[in-house]
Amino acid sequence: MTALSAVPRLRRGVKTAYDETRDSHVVLFPEGVLVLNETAAAVVGLCDGRTSVEGIAHRLAEDFDGVRADDVAELVTRLVARRVVDVDG
Amino acid sequence: MADAPFGLLAELTHRCPLRCGYCSNPVELAGRADELDTGQWRAVFDQARALGVLQVHLSGGEPLARKDLPALVGHASGLGCYVNLVTSGLGLTADRLAELEGVDHVQLSVQDADAAGANLIAGVKAFEHKLKAADVIRDAGLPLTVNVVLHRLNLDHVGEIIALAARMGADRLELANTQYYGWALRNRAALLPTREQLARAGEVVAAAKARSSMEIVYVIADYHEAHPKPCMHGWGARQLTVAPNGDVLPCPAAGVIEGLGIENVKDRALADIWHSSPAFNAFRGFDWMKEPCRTCARRELDFGGCRCQAFQLTGDASATDPVCSLSPHRGAVDLILAGAPAAVEHRAVVR
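These protein sequence lines map, in sequence, to chains A and B. If you're matching positions, the first sequence starts at 1 in the working numbering and goes up one per residue. If you're matching positions, the second sequence starts at 1 in the working numbering and goes up one per residue.
Same shape as in the complex, but just chain B (with noise of 0.2 angstroms):
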């Protein structure tokens, strides 16, 4: 049997302020009719912390468009959850965090390290609400992370951005680089960066890791790396993510591979899909493996990469991440890498 969960992911809903060319959802986005409700939401709660979950990750789009996110919150909280906000900040005034109670940590996204590059990676005017969202969060005396995600249109403004990040008296910054999913991936060739942006970014980011009092987290780009990530710690390992219509996946994206088994907590429980349901046990461990994942000794550093990727690229899930110098498809990998790069399409607006 399958050790327990840590963490949930709840996209509460699709719907978001933002319009980040870079956004992770799947480019079929879910509307408000498709969201489960307040019930169904607690119901999720209450048998993820019965699986072992000790975590909660309230994201979305933006959670705060969920009216009955005070609801969420306190209920998840009333477990024994960490509360964890994700959220744009836009619509976060002091009077509204108030109505959370229960949130332990709060995770701000920014996009650029000034307005303009911010307006323009984010499709509308919202640096501006981020500042102040900053400071209510910080006012309310809650550990803020601040989420960027880097791509070429911002990679060589982080240090500009670490800078913000520390004015706008961030504990943490997470600096990501794009992975190639859902928006994103349409986006792929207006967002991959060169290899001197991310040489020069890197260089940044280890000086400013070694002076800063705020912990720097840094996600490397993997495409241009001749490892894969860890995705995930491992399938079905550590982490599940429920979506905004109640669909159970192993990871945000995995949505995207056909065939998985996907399952939905409105029609099994949630302990039952975390253990015995197909999506879940179909990369599991190391049997799934072909070569030269099976026989590698770094199976166990990188369970073989991602799986969504590997659908992606190659039309394979149970295919080597191709990212992988030692993937048949790596040439692939280089070839997008070679591409000419592109204007970027804003996500559309789900209601």
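This is chain A alone, in the form it adopts within the complex (with noise of 0.2 angstroms):
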């Protein structure tokens, strides 16, 4: 699992969209398209390089209830794997 303090970002050819004919927001990526629900596009948009899974974790706190740094982490680990996402430190 990523470490709280691992800070993510996307990777190369990565882009993110809003598709209106589905009514969410998407990861875009070499082959492949993820449809994020609300909670997932948060963390996505958040992976800039400069914010750690905690500090993503703290700002989604201020929008959503019941965020923990673990789910967060664990997500960002699944974006990993897609290969959507790279973590630093």
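Calculated from the structure, these hints are not laboratory results. Keep in mind it's a predicted model, so treat the numbers as computed, not measured. Don't take each hint at face value.
If you want a taste of the chain B side facing chain A, the calculated C-beta under 7 angstroms gives, among others [claimed, not checked]:
| # | residue |
| --- | --- |
| 1 | Ala4 |
| 2 | Phe6 |
| 3 | Thr145 |
Where is the CB? At the ideal position from N, CA and C, for every residue including glycine.
Hey, can you piece these two chains together into the complex? The hints should help.
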């Protein structure tokens, strides 16, 4: 699992967009599309290469109830496995 | 109603400077005069985006053979699509790539690990151009996938091919064993690897995956497998193909299935074709399946395999993919595997 101090960023060639057809945020990358729910979209939006996993959890807690840093770390781990984000640290 | 597609494979042209014997283009190639024009392709992209397409794969043939490629890239990108350029790299200079503003990712084909082997299968001297093209792509800061079709003639070099892709600066490497459609089907006897070749290559690839920073995608050789591939993740489920002449296909090879009722974007709206054409509805879901697929637990995993392969090898597009060990036609595949190798015949030149 990704460390809470790790700093995720979108990989080269990865784009985020809003898809009107599906009313969802999406991640576009070579040979793939991820359709995101609202929380996942907020996490991806904060994978900016500056904010740590813990920092992302703090930011999310301002807008969403019940955000746990471990849940953010687990999502980031899944995004790393899909080659959507890289983590530093 | 079917879910919206995510991807459009836009086969802009069948013209290509390469003559690879494994080409998946149909044996009956469309000429330049048959191709959709710029305005027609723009309309295809507009309709595809409205339908839900988010990824546009600009392919061919060689998409750079289209003089209007910059306009087509710009249009697809402007619609918010992720634009993937699938190219041989021939003609891809720094100036040419600079004109293609809006490309998000480039897939560059490589035929073998060295010039002699690569030029042999491509039918032209292309190898050095590809090394230059990789430099150009990397210098432009674009993510690069190297695509390699594997077969009897290059499978023993897969380790060297992986090393070459790393030297070229690839982010991803797709190693796809030949799938037998179009020209590849015609050249099957020349291209089919031995089981021993596949076993050795599988080990080399697994070891490389464990240590490489590249993402390595390995597509298996389905004739040698016990179960079929989950072709297209289900018919008419995620992606559609528009051929150079505007024919709309559930998969690039679907033109081989006789009586499918393929429709053309010049005659009917893309969304109507996706949702209600006989061709797209023929094999959606599970109701079309016969035994052994109909009651098989694996049907949710492999969707009965490939419809085109079923048609090509059994004459019945609704049969179980004959590579499946449960298919009553598996013997036909084993017979093919037991056949003697032949020489490669290069694909035709199309103008």
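Structure-based check of all given hints:
1. Ala4: Since chain A brings a Cβ to about 6 angstroms from Ala4 of chain B, closer than 7 angstroms, the hint holds.
2. Phe6: With a minimum Cβ separation of about 5 angstroms from chain A (threshold 7 angstroms), the hint on Phe6 of chain B holds.
3. Thr145: holds, 6 angstroms
Of the numbered hints stated above, none is contradicted by the structure.
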